[in-house]
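Counting from 1, one number per residue, gives the positions in the sequence shown under full-length UniProt numbering.
Bear in mind the hints are in silico, worked out from the structure with no lab data behind them.
One or more hints might be untrue.
[Stated by the list, open to error] Pairs of lysine-lysine residues, derived as DSBU-like cross-links and limited to a Cα-Cα distance of at most 30 Å, are as follows: (1) 4 with 26; (2) 74 with 147; (3) 143 with 74; (4) 25 with 74; (5) 74 with 26; (6) 4 with 25.
Predicted model only: the values in this text are computed from it and were never measured.
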Amino acid sequence: MIIKMTILSFLGSVFPVILFNIDRKKIIWCGLAGAIGWIVYSLSLSLTNSEIISSFLGAFAVNIYSEFMARIIKTPASMFYVPGIFPLVPGITAYSTVISVVQTDFTIALNKGILTLAIGGAIAFGIMLSSTIVRLISNIMIKTYLKNN
């Protein structure tokens, strides 16, 4: 099951690359970002049983990968993490929220809405934190290099 979902998340990251007309040479690397994010999400979901923490860790892993690939391929990290987080976006939870509102089941709508916002916030925080950590480490390495030379 995890292999099938990893392949689907790979494809779920590849198709936005085609849609956004990103350089075709980066398609595989962008798909790999989505697959890595989904693997981390799945493993942490099985360990923590929390969609919010799992989404944070998945987004964190996607952005760490994106930051390193950006330096290797010399392209902006957003080319990798934007399509890479597509499989992590809580689309079905947002859909369930809207359906619950339409059916006037406001208790479920409130619960699903809060969960949707929490997952979205966790994804944003994972991207922000990992980007900050990579830049901090990069600045420390540059200062150390300049100091020694």
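Evaluation of the provided hints:
Only pairs whose Cα atoms come within 30 Å are accepted, and residue 4 paired with residue 26 is accepted, the gap being roughly 22 Å. For the hint linking residue 74 to residue 147, the alpha-carbon distance of about 25 Å falls within 30 Å, and the restraint holds. For the proposed pair residue 143 and residue 74, the alpha carbon gap of about 21 Å is at most 30 Å, so the pair holds. A threshold of 30 Å between alpha carbons decides the hint, and for residue 25 with residue 74 the separation of about 13 Å falls inside it, so the pair holds.
A distance of roughly 11 Å separates the Cα atoms of residue 74 and residue 26; the hinted pair therefore holds under the 30 Å criterion. This hinted pair checks out: residue 4 and residue 25 have alpha carbons roughly 24 Å apart, not beyond 30 Å.
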